[in-house]
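Q: These protein sequence lines are chains X and F, in that order.
Per our numbering, residue 1 is the first one in the first sequence, and the count goes up by one each step.
Per our numbering, residue 1 is the first one in the second sequence, and the count goes up by one each step.
Just to be clear, a hint being listed does not mean it is correct.
Pairs count within a copy or across copies, as identical chains cannot be separated in the list.
Claimed, not checked - The calculated DSS-like cross-link candidates involving lysine-lysine, where the alpha carbons are at most 25 Å apart (straight line), are:
hint, residue 1, residue 2
1, Lys62, Lys223
2, Lys95, Lys234
3, Lys351, Lys372
4, Lys200, Lys234
5, Lys234, Lys295
6, Lys110, Lys338
7, Lys295, Lys95
8, Lys145, Lys110
9, Lys295, Lys223
10, Lys136, Lys62
11, Lys223, Lys200
12, Lys95, Lys316
13, Lys316, Lys136
14, Lys321, Lys126
15, Lys200, Lys126
16, Lys385, Lys110
17, Lys62, Lys387
18, Lys95, Lys110
19, Lys62, Lys170
20, Lys372, Lys234
21, Lys110, Lys372
22, Lys321, Lys145
23, Lys110, Lys234
24, Lys223, Lys126
25, Lys136, Lys431
Rather than coming from a laboratory, the hints here were simulated on the basis of the structure.
Chain by chain, the residues:
Number of protein chains: 2
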Amino acid sequence: MRNKLCAAALLASVFPFAAQAQDPVGDVAWDILAGLTSEVGPRMPGSEAEARARTWADARLKALGFSNVTTEPFPIRGYVRGRDEASLIAPIPYKLAVTALGYSGTTPDKGIDGEVVYFSTLDALKAAPTGSLVGKIAFIDHAMKRAQDGSGYGPYGQVRRAGPAIASAKGAIGVVIRSIGTDSHRNPHTGGTTFADGVKPIPAGAVSNPDADLIARIARSGKPMRLSLVLTGKTTDNLPSGNVFADLPGRDPSLPAILVGCHLDSWDLGTGAIDDAAGCAIITAAALKAQEGGKALRTIRVLWAGSEELGGFGGKAFAAKHAEPYALAMESDFGAAKVWRVGFSFADANKPLADRIAAALSPMGIVRGSGKANGGTDVEPMIEKQKLAVVDLDQDGTHYFDLHHTPDDTLDKVDPAELAQNVAAWTQVLKIVANEAAPILPAP
Amino acid sequence: MRNKLCAAALLASVFPFAAQAQDPVGDVAWDILAGLTSEVGPRMPGSEAEARARTWADARLKALGFSNVTTEPFPIRGYVRGRDEASLIAPIPYKLAVTALGYSGTTPDKGIDGEVVYFSTLDALKAAPTGSLVGKIAFIDHAMKRAQDGSGYGPYGQVRRAGPAIASAKGAIGVVIRSIGTDSHRNPHTGGTTFADGVKPIPAGAVSNPDADLIARIARSGKPMRLSLVLTGKTTDNLPSGNVFADLPGRDPSLPAILVGCHLDSWDLGTGAIDDAAGCAIITAAALKAQEGGKALRTIRVLWAGSEELGGFGGKAFAAKHAEPYALAMESDFGAAKVWRVGFSFADANKPLADRIAAALSPMGIVRGSGKANGGTDVEPMIEKQKLAVVDLDQDGTHYFDLHHTPDDTLDKVDPAELAQNVAAWTQVLKIVANEAAPILPAP
Chain X
1 MRNKLCAAAL
11 LASVFPFAAQ
21 AQDPVGDVAW
31 DILAGLTSEV
41 GPRMPGSEAE
51 ARARTWADAR
61 LKALGFSNVT
71 TEPFPIRGYV
81 RGRDEASLIA
91 PIPYKLAVTA
101 LGYSGTTPDK
111 GIDGEVVYFS
121 TLDALKAAPT
131 GSLVGKIAFI
141 DHAMKRAQDG
151 SGYGPYGQVR
161 RAGPAIASAK
171 GAIGVVIRSI
181 GTDSHRNPHT
191 GGTTFADGVK
201 PIPAGAVSNP
211 DADLIARIAR
221 SGKPMRLSLV
231 LTGKTTDNLP
241 SGNVFADLPG
251 RDPSLPAILV
261 GCHLDSWDLG
271 TGAIDDAAGC
281 AIITAAALKA
291 QEGGKALRTI
301 RVLWAGSEEL
311 GGFGGKAFAA
321 KHAEPYALAM
331 ESDFGAAKVW
341 RVGFSFADAN
351 KPLADRIAAA
361 LSPMGIVRGS
371 GKANGGTDVE
381 PMIEKQKLAV
391 VDLDQDGTHY
401 FDLHHTPDDT
411 LDKVDPAELA
421 QNVAAWTQVL
431 KIVANEAAPI
441 LPAP
Chain F
1 MRNKLCAAAL
11 LASVFPFAAQ
21 AQDPVGDVAW
31 DILAGLTSEV
41 GPRMPGSEAE
51 ARARTWADAR
61 LKALGFSNVT
71 TEPFPIRGYV
81 RGRDEASLIA
91 PIPYKLAVTA
101 LGYSGTTPDK
111 GIDGEVVYFS
121 TLDALKAAPT
131 GSLVGKIAFI
141 DHAMKRAQDG
151 SGYGPYGQVR
161 RAGPAIASAK
171 GAIGVVIRSI
181 GTDSHRNPHT
191 GGTTFADGVK
201 PIPAGAVSNP
211 DADLIARIAR
221 SGKPMRLSLV
231 LTGKTTDNLP
241 SGNVFADLPG
251 RDPSLPAILV
261 GCHLDSWDLG
271 TGAIDDAAGC
281 AIITAAALKA
291 QEGGKALRTI
301 RVLWAGSEEL
311 GGFGGKAFAA
321 KHAEPYALAM
331 ESDFGAAKVW
341 RVGFSFADAN
351 KPLADRIAAA
361 LSPMGIVRGS
371 GKANGGTDVE
381 PMIEKQKLAV
391 VDLDQDGTHY
401 FDLHHTPDDT
411 LDKVDPAELA
421 QNVAAWTQVL
431 KIVANEAAPI
441 LPAP
């Protein structure tokens, strides 16, 4: 048994932002969330700040009693943000709220300017004739709507992921998109884009939704529109990143472990509260709570992955490096709103296990989904490699894309009660799966 | 009778952003709001943009059939925004969402930096010993709460209006305040501050509420905090501003007129939709609608005042210049949310008139307040000068200070149905007061 007085003193020194804890384990989630956002701040992949986050994570996980706390470095191709500015020049001068996309091309310090060609959808851009954008700046609009399951991000996210390369291939000197988001604030949504080999990276930014509304109104008026763009950030190779993982050893080390993931890095515009300090807070607090009645049968390993935002590098590096066997993987990386649905990727033989989990969650109002669980970016490479079973605890995403990748992703956006509901749901699941003696196998 | 076909053609050419109008007068409000925000944009007092707004106003008011459309120039002491940047340097590097306050002192291009001294209230700052802030940057926090009547703005607004001068007098090299606002977005709230003669203007900025939350958390942790500040804007004398006014002549020009005001200028961070394009939209559309059954008895004069935001210069200039008699004044300058209350400053003899107005508004759910109406900044100087009666139509201010003076004050924030309710309420009042033959006199 741990010396409780000592542990309390250690906690107080390591957790200057801790809430007044009634239950030491009860505040673990909030304290990780408040600590990462307030003591580390934004944690851009490959940055000095992400390195400080690893140091912070190492100290925190040790202070919380985890074993085998390990940092594993890896290099990444990163993006180092520069100065981000955009203004309408015509028909009226207007300073836009803009952010560079990750891996954007770089403008000269004085920027570029050009005529704006408006596309209401990505398909409209695709239909533009080759060469029709030479010397021009493409603006790509879209109509993403909010959804409980966040399902708009797949299709509409293509505007960000693929749009800039398509505009480049048609000769554009720059591209600006409507932010992939569902809010109406003057905060742009960043995120990575992709230029395949052979496609020239052009300066690529996203403007806030109210700014995109204005651009759309001007486009409808038929007035010629010009825009200036300053995006001086640079894609940079061999930046240092890394994963941090830690264990709560099980009673039977011979059984394959349970892997639970989140990511430690964040975009730099906010402090990465919902994306994804909350995820690390949830999985870590739940792993600890799952031991409250005593050690679980199987080891639970928490993975705080690095550099998720620019290409899921942490999850890939972890899978490449590790050969020890896992049974099941889970991830929390969709904010801190309430869990509303559970999903599984289980073999038929594990249907009773799934039924037990669903029954344990049902009193919390969590419904059972019909789709196949897939984990998430940080654990998917290991799920693929080892063919792991998966449980998904789906959070309500109705407001997730109001904040996602914006300056507004800050601590005040997390409701402590919703965070606690996540921890409670995760604890239920981890208690069951980490104490399952029979093999846990994935859906075929 | 106006030639309706000609008027429609004229409207279409002047109003490229017009909604598809079922009722030409019915969309006047939305079209003014959309036009000012989309065709002119931000309208900083004394700027080139404010001059464009006057030209726009002149054309629009003429196109709408107003008479005697007049622009009256006046010079102001203005504030020309420069580069606004602030970052925490310690305990963590963090880029803050900041705006300079109007009349802020100016930093060198490379900025200033200093230790932050945290004050939880304006009173705490006042209590700091003289000289205790020498070489330091004061941070002033506060606890403004949202209120239907916006009553928090009076007391908490003093943090912005008076705080910087108090910090300067105690030796501070700069001052940063928590934005005077009720939202939780990374958008700072600007607004004017005041340095009396003999007090050195120091650089003065406001950070967003989430940033202020972080600063408060760091202050509670006891960690030393340093901040860098770049605010290169300049207070500038003799900038050109002006008022635009226009009349709907009454059947009896010998009767004192009804004066209805709003302001044409706006802060520059957003497009001044709720502050105060909406006000100009409401009063102008209502004045026109009040004539739908035929000319009113009294002339209605609409005043689109200039440079309200930096000192109410437009209202003062109008009162100083004009000696023609008015009977009653009203103003709309509190957003576009629903009117919920009516207030009066009427002589006892006009109690029946007040009762008729209150009875006309009651079916709209508008209650009668017990306080004395006071108009607003753009009409108060004339109210004082001529001792005018006043009707206040109070809008719901619950969310007004979420947007007030922020980048978020944009067209999408206005609900067309709420705007229409304002026009309807104003129309009711104007129909009654502009057709009142008896003298209309103020409360003693």
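Q: Each hint needs a verdict: does it hold in this structure or not?
A: Outcome of the hint check:
1. Lys62 with Lys223: between (61 Å within a copy, 23 Å between copies)
2. Lys95 with Lys234: both (23 Å within a copy, 19 Å between copies)
3. Lys351 with Lys372: Intra 13 Å, inter 71 Å, cutoff 25 Å: intra-copy only.
4. Lys200 with Lys234: within (14 Å within a copy, 41 Å between copies)
5. Lys234 with Lys295: neither (48 Å within a copy, 65 Å between copies)
6. Lys110 with Lys338: Answer is neither; intra-copy 46 Å and inter-copy 45 Å both fail.
7. Lys295 with Lys95: Neither. Shortest intra-copy (57 Å) and inter-copy (43 Å) distances fail the 25 Å Cα cut-off.
8. Lys145 with Lys110: neither (36 Å within a copy, 42 Å between copies)
9. Lys295 with Lys223: neither (68 Å within a copy, 37 Å between copies)
10. Lys136 with Lys62: neither (54 Å within a copy, 38 Å between copies)
11. Lys223 with Lys200: neither (30 Å within a copy, 46 Å between copies)
12. Lys95 with Lys316: neither (39 Å within a copy, 31 Å between copies)
13. Lys316 with Lys136: neither (37 Å within a copy, 47 Å between copies)
14. Lys321 with Lys126: Cα proximity of Lys321 and Lys126: none, with 40 Å in one copy and 60 Å across.
15. Lys200 with Lys126: within (17 Å within a copy, 58 Å between copies)
16. Lys385 with Lys110: Close neither inside one copy (47 Å) nor across copies (52 Å); limit 25 Å.
17. Lys62 with Lys387: neither (30 Å within a copy, 73 Å between copies)
18. Lys95 with Lys110: For Lys95 and Lys110, the Cα distance is within 25 Å both inside one copy (15 Å) and across copies (22 Å).
19. Lys62 with Lys170: neither (53 Å within a copy, 46 Å between copies)
20. Lys372 with Lys234: neither (38 Å within a copy, 60 Å between copies)
21. Lys110 with Lys372: Classified as neither; 50 Å inside a copy, 55 Å across copies.
22. Lys321 with Lys145: Answer is neither; intra-copy 39 Å and inter-copy 52 Å both fail.
23. Lys110 with Lys234: both (15 Å within a copy, 23 Å between copies)
24. Lys223 with Lys126: For Lys223 and Lys126, only the intra-copy Cα distance (23 Å) is at most 25 Å; the inter-copy one is 53 Å.
25. Lys136 with Lys431: For Lys136 and Lys431, neither the intra-copy (57 Å) nor the inter-copy (53 Å) Cα distance is at most 25 Å.
When the structure is compared with the earlier hints, violations turn up for hints 5, 6, 7, 8, 9, 10, 11, 12, 13, 14, 16, 17, 19, 20, 21, 22 and 25 and for no others.
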